[in-house]
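Novice: Sequence:
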Amino acid sequence: MTHKACEVAAREGDSEQYYADNRDFHEAIYRASRNSFLADLAFALRKRLSAYRRIQLRARNSLLQSLQEHAGILKAIRAGDEQLAASRLHDHVLVQGERFSDTVLGLAGDRRSASAGSRSGTAKQGALPQAEDRRR
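Start counting the sequence shown at 1; every next residue gets the next number (full-length UniProt numbering).
Just to be clear, a hint being listed does not mean it is correct.
[Unchecked claim] For lysine to aspartate or glutamate, the following DMTMM-like pairs were computed, each having C-alpha atoms within a straight-line distance of at most 25 Å:
{"#": "1", "residue 1": "Lys-4", "residue 2": "Glu-82"}
{"#": "2", "residue 1": "Lys-47", "residue 2": "Asp-91"}
{"#": "3", "residue 1": "Lys-4", "residue 2": "Asp-81"}
{"#": "4", "residue 1": "Lys-75", "residue 2": "Asp-24"}
{"#": "5", "residue 1": "Lys-75", "residue 2": "Asp-102"}
{"#": "6", "residue 1": "Lys-75", "residue 2": "Glu-12"}
{"#": "7", "residue 1": "Lys-47", "residue 2": "Asp-81"}
{"#": "8", "residue 1": "Lys-75", "residue 2": "Asp-14"}
{"#": "9", "residue 1": "Lys-47", "residue 2": "Asp-24"}
By construction, these hints were calculated from the structure, which means they are not laboratory data.
I would like the entire structure built from these sequences, with the hints used as guidance.
Specialist: Structure representation (structure tokens):
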């Protein structure tokens, strides 16, 4: 099943394979919901965010945390506990949303730092641009 494939990829630290298996895991849940409107929205959103999700999954411990969240979701689904499954899915979306925001903000910060460094000729990783002294 797709969760087992995610587990293997996570244990091996293979973020690209995990990305593919993770997509399959989520799509199986979308289809099982039998809500085509919601599934279509989820598919469209995943497609739009895919480049960022790939980067996000490379973050330290991201694969293992995602895997643990998936295990909890799957356990609730298999137990037929709709409320627990919904709660765990909700938490998973919130955590991943926070990580997504952190990833995007980090990328924007890296871009600003590189741009400022290229203008001054001294690009320091993570350095903030200095204000020019216009009193001269």
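Novice: Now tell me, hint by hint, if it's right for this structure.
Specialist: So, going through the hints one by one against the coordinates:
1. Proposed proximity of Lys-4 and Glu-82 is supported: the alpha carbons are some 22 Å apart, at most 25 Å.
2. Note on Lys-47 and Asp-91: the hinted pairing holds, with a Cα-Cα distance of about 21 Å set against a maximum of 25 Å.
3. Restraint check for Lys-4 and Asp-81: satisfied, since their Cα atoms lie roughly 21 Å apart, inside the 25 Å limit.
4. Proximity of Lys-75 to Asp-24 is assessed by CA-CA distance (about 17 Å); at most 25 Å being required, the pair is judged to hold.
5. Pair hint Lys-75 plus Asp-102 does not hold up; C-alpha atoms about 28 Å apart against a cutoff of 25 Å.
6. The hinted pair formed by Lys-75 and Glu-12 meets the criterion: a straight-line CA distance of about 23 Å does not exceed 25 Å.
7. About 29 Å separates the Cα atoms of Lys-47 and Asp-81, which puts this hinted pair outside 25 Å; it is violated.
8. Between Lys-75 and Asp-14, the direct Cα distance comes to roughly 24 Å. Compliance with the 25 Å bound is thereby established for this hinted pair.
9. With a C-alpha separation of about 13 Å, the suggested pair Lys-47 and Asp-24 falls inside the 25 Å cut-off, and the hint holds.
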